[in-house]
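With the hints as constraints, model all of the structure from the sequences given.
4 protein chains.
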Amino acid sequence: MSKQKVFSLPVRVYFQDTDAGGVVYHASYVNFMERARTEWLRTHGYSNAGLMKEFGVIFVVRTLKLDYFKPALLDDLLNVTAQIKDIGRSRLALLQSVLRGDELLTEGEIHLVCVSLEGFKPVSVPEVLRKQWKV
Amino acid sequence: MSKQKVFSLPVRVYFQDTDAGGVVYHASYVNFMERARTEWLRTHGYSNAGLMKEFGVIFVVRTLKLDYFKPALLDDLLNVTAQIKDIGRSRLALLQSVLRGDELLTEGEIHLVCVSLEGFKPVSVPEVLRKQWKV
Amino acid sequence: MSKQKVFSLPVRVYFQDTDAGGVVYHASYVNFMERARTEWLRTHGYSNAGLMKEFGVIFVVRTLKLDYFKPALLDDLLNVTAQIKDIGRSRLALLQSVLRGDELLTEGEIHLVCVSLEGFKPVSVPEVLRKQWKV
Amino acid sequence: MSKQKVFSLPVRVYFQDTDAGGVVYHASYVNFMERARTEWLRTHGYSNAGLMKEFGVIFVVRTLKLDYFKPALLDDLLNVTAQIKDIGRSRLALLQSVLRGDELLTEGEIHLVCVSLEGFKPVSVPEVLRKQWKV
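Chains as they are written, first to last, in numbering that gives the first Met the number 0: chain A, 0 to 134; chain B, 0 to 134; chain C, 0 to 134; chain D, 0 to 134.
These aren't lab readings, by the way, just hints derived from the structure by calculation. Just so it is clear, the structure is predicted and the values come from calculations on it, not from any experiment. Note that the Cβ used here is the ideal one computed from N, Cα and C, for glycine as well. Errors might be hidden in some of the hints.
[What the hints assert, rightly or not] Below are the BS3-like pairs computed for lysine-lysine, each with C-alpha atoms no more than 25 Å apart in a straight line: (1) D:Lys52 <-> D:Lys120; (2) A:Lys120 <-> D:Lys52; (3) B:Lys133 <-> B:Lys52; (4) D:Lys64 <-> C:Lys69; (5) B:Lys69 <-> A:Lys84; (6) C:Lys64 <-> B:Lys52; (7) B:Lys69 <-> A:Lys120; (8) B:Lys120 <-> B:Lys52; (9) B:Lys69 <-> A:Lys52; (10) B:Lys52 <-> D:Lys69; (11) B:Lys130 <-> A:Lys64; (12) D:Lys64 <-> D:Lys133; (13) C:Lys52 <-> A:Lys69; (14) B:Lys69 <-> D:Lys52; (15) C:Lys64 <-> D:Lys120; (16) D:Lys52 <-> A:Lys52; (17) B:Lys84 <-> B:Lys133; (18) B:Lys52 <-> A:Lys69; (19) C:Lys52 <-> B:Lys120; (20) C:Lys120 <-> B:Lys52; (21) B:Lys84 <-> B:Lys130; (22) B:Lys4 <-> B:Lys84; (23) A:Lys64 <-> B:Lys64; (24) B:Lys130 <-> B:Lys4; (25) C:Lys69 <-> A:Lys52; (26) D:Lys64 <-> C:Lys84; (27) C:Lys84 <-> C:Lys133; (28) C:Lys64 <-> C:Lys84.
[What the hints assert, rightly or not] FRET-style restraints, in silico, Cβ to Cβ: (29) D:Gly100 <-> B:Gly49: 17 to 27 Å; (30) B:Arg41 <-> A:Lys120: 18 to 28 Å; (31) B:Asp101 <-> C:Gly55: 45 to 55 Å; (32) D:Trp132 <-> B:Gly118: 48 to 58 Å; (33) B:Val127 <-> D:Lys69: 27 to 37 Å; (34) D:Trp132 <-> A:Leu103: 52 to 62 Å; (35) A:Thr62 <-> D:Pro9: 30 to 40 Å; (36) B:Gly100 <-> C:His43: 48 to 58 Å; (37) D:Phe119 <-> C:Glu117: 43 to 53 Å; (38) C:Gly55 <-> A:Gly55: 46 to 56 Å; (39) A:Gln131 <-> B:Lys52: 51 to 61 Å; (40) C:Pro9 <-> D:Met51: 31 to 41 Å.
Put into structure tokens, the structure is as follows:
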């Protein structure tokens with residue numbers, strides 16, 4: 000049973016995130032989710048630059064699955080969440096969502112792989128993170 | 000049985016598409032695929048602006064599923080494909096891929112919905128396109 | 000003599016903002032500055048969506064001038080400022096900068112024009128904003 | 000007197016380049032110009048990756064100056080130009096413009112500096128390029 004908390008990052012929508020359809024561009028949600036994952040990682044003590052320097056590793060996206068329910072609009076203040084679904088030796092599955100108040104706008108499942116900076120080969124998730132992430 | 004051809008768009012990788020990991024940023028492939036879908040649509044006689052003007056409709060992304068196999072690199076010349084998988088009354092499923100020569104780098108399945116410009120409600124795909132897209 | 004305060008917005012650097020050169024991509028600073036201008040506008044009581052709805056106007060960029068002194072890096076926490084330099088009937092000149100602590104990384108001067116949503120013709124800056132912005 | 004030719008790259012406008020104002024987002028022109036500069040460089044025999052590998056150098060943006068005259072729209076087919084204005088030991092000044100047919104939409108002057116990949120210190124522009132670029 001998971002005791003992992005849901006992390007949430009407030010994200011404001013600017014013109015740069017929207018398109019001529021008058022709503023947020025579909026790839027912008029992918030960006031919002033990267034921001035939330037990075038801040039979630041930081042709550043566990045590590046930045047991306049820190050992971051590279053200390054362990055010579057980096058998390059790369061292996062699969063991305065997004066469901067778009069309702070569009071976000073210019074000037075919206077969104078909440079973008081991140082939560083562990085599953086963890087393997089070198090793999091990490093996250094559930095992420097984009098909310099406007101109680102409304103669920105977008106839902107995502109992102110699978111990451113921990114790879115070596117040299118050669119991009121899968122390596123074990125650093126133990127200091129695995130310990131915190133055991134679901 | 001499908002007689003739909005695979006459409007392919009050459010896409011060059013610039014600094015703007017890459018990130019500090021030294022490879023193409025994962026959301027950039029989503030952009031590449033939008034470019035290929037749009038040019039594929041154009042081969043069927045319509046631009047996005049044209050669809051809005053003539054029919055008052057727009058295709059929005061409903062689901063996005065991407066598998067990342069190998070990273071693309073700065074200055075790569077990629078081919079980004081688009082091909083119909085399935086078509087419903089207002090829905091359209093496309094298979095897309097990003098290739099470097101024979102290497103498959105990324106594969107995607109994108110479900111689009113044809114919606115009215117006013118209200119973003121699902122409406123029928125314009126007949127002139129349905130006729131061409133019957134799988 | 001100006002009594003306008005310098006507004007400052009904290010901005011974190013993510014992979015999405017960087018490029019394969021290992022630093023922040025030069026166009027990302029333009030995005031950071033849009034975010035800061037928008038939040039600065041909000042401190043004067045208006046969102047972009049609000050300006051469109053209440054006055055039928057929008058601020059568009061007329062000129063952009065950026066000086067890049069030092070690169071920002073992945074995971075940096077930056078401060079992005081906005082401050083009025085000058086205001087005309089329909090024009091607004093802003094000074095903006097990107098700082099990392101005390102280090103000045105990028106400096107910008109951005110000239111905006113207030114235009115009508117229909118036709119993009121220059122119109123007067125709404126009085127409620129002019130009153131606050133008189134330098 | 001310059002015998003430098005004006006290089007021109009066709010660029011199509013997609014949703015990803017536009018914003019909720021219904022036009023191309025102002026930072027997208029900066030991206031368009033990077034694409035044209037890179038292809039212009041390629042006509043002189045070098046890619047960015049090639050410059051890094053062969054000479055250990057990279058061109059970074061030192062100043063950016065853009066004038067926006069008219070907005071580009073969704074589905075427009077633009078021409079983005081690049082042309083040398085001036086060259087110094089480690090500096091390169093380019094004139095760039097964005098055109099729709101005969102209409103000048105945006106004009107830019109971009110100053111680049113050739114820097115070492117290690118340390119980002121200004122170094123001489125490789126001789127093989129200087130010879131071609133003498134104005």
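### Message
For the hint 48 to 58 Å, verify it against the beta carbon of Gly100 of chain B and that of His43 of chain C.
### Response
holds, 54 Å
Pair hint Lys52 of chain D and Lys52 of chain A, alpha-carbon separation not exceeding 25 Å: Measuring from Cα to Cα gives roughly 23 Å; hence the hint holds.
With respect to the beta-carbon atoms only, verify the hint that Trp132 of chain D and Leu103 of chain A lie 52 to 62 Å apart.
holds, 55 Å
Pair hint Lys120 of chain B and Lys52 of chain B, alpha-carbon separation not exceeding 25 Å: Roughly 17 Å between the alpha carbons, so the hint for Lys120 of chain B and Lys52 of chain B holds.
(message) Would the hint linking Lys64 of chain D and Lys69 of chain C be met if the CA-CA limit is 25 Å?
(response) holds, 18 Å
Lys64 of chain D paired with Lys84 of chain C [C-alpha distance capped at 25 Å]: holds, 18 Å
Is it true that the CA of Lys120 of chain A sits at most 25 Å from the CA of Lys52 of chain D?
Since the Cα atoms of Lys120 of chain A and Lys52 of chain D sit roughly 23 Å apart, the hinted pair holds (cutoff 25 Å).
Taking 25 Å as the top limit, are the C-alpha atoms of Lys64 of chain C and Lys52 of chain B close enough?
violated, 36 Å
Agreement of Lys69 of chain B and Lys52 of chain A with the hint, judged by alpha carbon distance not exceeding 25 Å: holds, 23 Å
(request) With respect to the beta-carbon atoms only, verify the hint that Trp132 of chain D and Gly118 of chain B lie 48 to 58 Å apart. (result) holds, 55 Å
Taken at face value, is the distance from the CA of Lys130 of chain B to the CA of Lys84 of chain B at most 25 Å? Measuring from Cα to Cα gives roughly 15 Å; hence the hint holds.
> At the C-beta level, are Phe119 of chain D and Glu117 of chain C separated by a distance inside 43 to 53 Å?
Replying inline: Given range 43 to 53 Å: holds, Cβ gap about 46 Å.
Taken one by one, the earlier hints fail for this structure at numbers 6, 11 and 30, listed in ascending order.
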